[in-house]
Amino acid sequence: MEALLKTIEILGIFAFAITGIIEARRKQMDIIGTYSVAMVTAFGGGTLRDLLIAHYPLFWMQNYNYPIFILALSVFSIFILRKKESFSPSVVMLLGVLDALGLGLFSAVGTSYALSAGVYWFNAVLIGVITGVFGGVMRDVICNEVPVFFKQSQLYATCSFVGSLIFVILANYFPVESVFPLISCIAAAFILRIISIKYNIQLKF
Amino acid sequence: MEALLKTIEILGIFAFAITGIIEARRKQMDIIGTYSVAMVTAFGGGTLRDLLIAHYPLFWMQNYNYPIFILALSVFSIFILRKKESFSPSVVMLLGVLDALGLGLFSAVGTSYALSAGVYWFNAVLIGVITGVFGGVMRDVICNEVPVFFKQSQLYATCSFVGSLIFVILANYFPVESVFPLISCIAAAFILRIISIKYNIQLKF
Amino acid sequence: MEALLKTIEILGIFAFAITGIIEARRKQMDIIGTYSVAMVTAFGGGTLRDLLIAHYPLFWMQNYNYPIFILALSVFSIFILRKKESFSPSVVMLLGVLDALGLGLFSAVGTSYALSAGVYWFNAVLIGVITGVFGGVMRDVICNEVPVFFKQSQLYATCSFVGSLIFVILANYFPVESVFPLISCIAAAFILRIISIKYNIQLKF
Chain G
0 MEALLKTIEI LGIFAFAITG IIEARRKQMD IIGTYSVAMV TAFGGGTLRD
50 LLIAHYPLFW MQNYNYPIFI LALSVFSIFI LRKKESFSPS VVMLLGVLDA
100 LGLGLFSAVG TSYALSAGVY WFNAVLIGVI TGVFGGVMRD VICNEVPVFF
150 KQSQLYATCS FVGSLIFVIL ANYFPVESVF PLISCIAAAF ILRIISIKYN
200 IQLKF
Chain P
0 MEALLKTIEI LGIFAFAITG IIEARRKQMD IIGTYSVAMV TAFGGGTLRD
50 LLIAHYPLFW MQNYNYPIFI LALSVFSIFI LRKKESFSPS VVMLLGVLDA
100 LGLGLFSAVG TSYALSAGVY WFNAVLIGVI TGVFGGVMRD VICNEVPVFF
150 KQSQLYATCS FVGSLIFVIL ANYFPVESVF PLISCIAAAF ILRIISIKYN
200 IQLKF
Chain V
0 MEALLKTIEI LGIFAFAITG IIEARRKQMD IIGTYSVAMV TAFGGGTLRD
50 LLIAHYPLFW MQNYNYPIFI LALSVFSIFI LRKKESFSPS VVMLLGVLDA
100 LGLGLFSAVG TSYALSAGVY WFNAVLIGVI TGVFGGVMRD VICNEVPVFF
150 KQSQLYATCS FVGSLIFVIL ANYFPVESVF PLISCIAAAF ILRIISIKYN
200 IQLKF
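Residue numbers (numbering that gives the first Met the number 0), protein chains in the order written: chain G, 0 to 204; chain P, 0 to 204; chain V, 0 to 204.
In case anyone wonders, no lab produced these hints; they're calculated from the structure.
All C-beta atoms in this analysis are idealised placements derived from N, C-alpha and C, irrespective of residue type, glycine included.
Each hint should be verified, as a subset may be incorrect.
[Stated by the list, open to error] Here are the simulated lysine-lysine pairs, DSS-like style, with alpha carbons at most 27 Å apart:
(1) G:26 to P:197
(2) V:26 to G:26
(3) V:197 to P:197
(4) G:26 to V:197
(5) P:26 to V:26
(6) P:26 to G:197
[Said to hold, decoys possible] In silico negatives: residues of chain P with every beta carbon more than 10 Å from chain V:
(7) 56
(8) 57
(9) 67
(10) 74
Use the sequences and the hints to build the structure in full.
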């Protein structure tokens with residue numbers, strides 16, 4: 000179970016970092032810029048969450064390997080992305096799946112931390128959403144774009160919101176050590192996200 | 000007295016959130032984007048202040064109702080702003096008045112917190128200004144604009160600065176429980192702001 | 000020794016603030032905007048570092064004079080920059096030298112604080128880099144530019160990285176009170192930066 004969650008988390012960080020790297024390459028940044036954007040995308044949401052609820056030390060300070068992992072990824076990707084400017088549909092789909100998994104997991108973890116810190120339930124849901132989406136917002140701000148999910152969201156933040164809400168509700172009925180709320184949150188956010196991509200559902204009004 | 004301050008605070012949050020909503024609608028954001036920008040505009044300044052002086056828990060985590068209030072406002076405004084793209088002069092004036100009240104109150108509260116935390120007086124004034132104006136700066140950064148008050152300020156930050164300075168000076172002569180410094184700060188920032196709008200005073204040089 | 004470091008620090012803050020002022024003037028900001036950008040450029044990196052490792056009170060809250068010093072600089076510079084839109088080569092070179100000194104010192108101080116806070120060595124190096132370069136990133140984000148050093152870096156962040164890495168390595172072999180790691184970090188970042196400007200070395204690939 001633990002190993003599964005760890006795997007999903009790493010895949011989520013991987014997917015988030017990759018979206019940062021792709022955006023940085025589009026903006027013709029060099030390796031340092033690429034690494035910075037990848038770091039911000041992968042860790043921005045969790046860092047803001049930790050600052051908001053005074054959760055020290057920050058999660059990526061403790062996970063020594065993550066920053067080095069993303070450095071390796073940035074260096075590696077630069078050689079890959081030199082040759083291939085666009086991706087095959089299957090790669091795009093794989094990235095979307097990883098990203099959706101990461102979104103669900105980050106939301107669940109964020110909500111969980113906020114509840115532990117005694118935050119009011121609605122605000123805990125918001126912190127779940129912040130954890131899930133803020134990295135992408137920062138990526139777009141640094142790359143000088145209007146945050147993409149603000150414009151054509153395909154329910155991105157909404158998936159995070161629904162997942163976090165489910166987590167908060169279930170957390171009332173299950174003991175703290177149960178992983179059921181966590182799994183439900185990830186599953187809800189993931190499935191909703193995949194459906195909204197497939198059918199291009201948007202909240203545009 | 001307490002009730003009056005609470006009312007002004009809610010009106011200030013209301014006005015700040017509205018300016019965020021209007022800007023988000025201009026950028027054709029969806030409901031999630033609109034809500035996000037409204038939250039950032041209303042709570043950005045106070046959040047940065049709390050982070051800078053390690054004032055935990057953050058003020059909006061304790062005031063459970065504010066985030067829900069802004070959610071309602073965002074949903075509601077989207078229907079209003081669909082039909083009316085521009086505002087009548089009286090609505091613009093009302094928003095300006097609320098915004099000026101909020102600016103004064105946020106500045107006073109920010110300076111007050113900073114002094115309580117033992118911050119040096121000049122830095123306490125700066126934190127008052129940060130509390131008053133940072134939400135608007137964040138709004139403009141997220142919406143990919145050069146912060147509007149940096150360009151054509153009509154004394155926006157200056158009003159906050161003068162109010163905060165008056166607060167710091169008066170705080171030396173009145174007991175902690177006195178509301179006189181608070182009221183003076185709000186009044187000074189408010190009046191200066193209204194005058195500068197009316198006569199279009201700018202510090203452009 | 001202390002006096003020398005203090006002098007370098009002030010020169011570094013001076014140089015960073017100046018780059019912010021120049022950028023703000025280019026964007027035709029008024030005095031408040033100029034002061035804000037100068038403050039963010041000079042203190043942004045150190046502030047983020049302090050938030051990330053929960054190092055309170057923030058460094059510029061304790062150094063009362065710095066914000067007032069930058070205020071004076073902003074007011075003063077506005078009169079200077081009115082007349083001279085461009086700079087003579089010797090002024091540009093002087094600014095570059097000061098900036099490189101500041102970059103080295105900020106990196107060293109940031110890494111040093113991070114190590115003291117028990118941060119893992121690679122993350123301490125990253126915090127050194129954040130301290131050195133984040134002020135400039137914030138300057139560019141506020142001024143609505145893609146951060147300049149992400150695009151044409153001339154090894155800017157790399158100099159900070161190398162300096163911080165040298166600091167971490169030497170900190171293992173010298174007692175805490177030794178200034179040798181600090182001096183080595185500053186020297187390495189400074190020399191590498193000057194060389195990379197002179198020969199226009201870039202990591203563009």
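Do the hints match the structure? See the list:
Note on residue 26 of chain G and residue 197 of chain P: the hinted pairing is violated, with a Cα-Cα distance of about 43 Å set against a maximum of 27 Å. Of the pairs offered as hints, the one joining residue 26 of chain V and residue 26 of chain G holds, with about 22 Å between alpha carbons and a cut-off of 27 Å not exceeded. For the suggested pair residue 197 of chain V and residue 197 of chain P, the alpha carbons sit about 53 Å apart, so the restraint of at most 27 Å is broken. At most 27 Å may separate the alpha-carbon atoms for a hinted pair to count; residue 26 of chain G and residue 197 of chain V meet this at roughly 26 Å.
Taking the CA atoms of residue 26 of chain P and residue 26 of chain V, the gap is about 22 Å. The hint holds against a cut of 27 Å. In summary, the hint linking residue 26 of chain P to residue 197 of chain G is supported, as the alpha carbons are separated by about 26 Å, within the 27 Å threshold. With a closest Cβ-Cβ approach of about 15 Å to chain V, residue 56 of chain P is found to remain outside the 10 Å limit, as its non-interface label requires. Its beta-carbon lying about 13 Å from the closest one in chain V, residue 57 of chain P satisfies the requirement of being farther than 10 Å from that chain.
No beta-carbon of chain V comes within 10 Å of the beta-carbon of residue 67 of chain P; the shortest separation is about 28 Å. Here residue 74 of chain P stays apart from chain V, with its beta-carbon at least about 30 Å from theirs, past the 10 Å limit.
Going through the hint list in order, the structure does not satisfy hints 1, 3.
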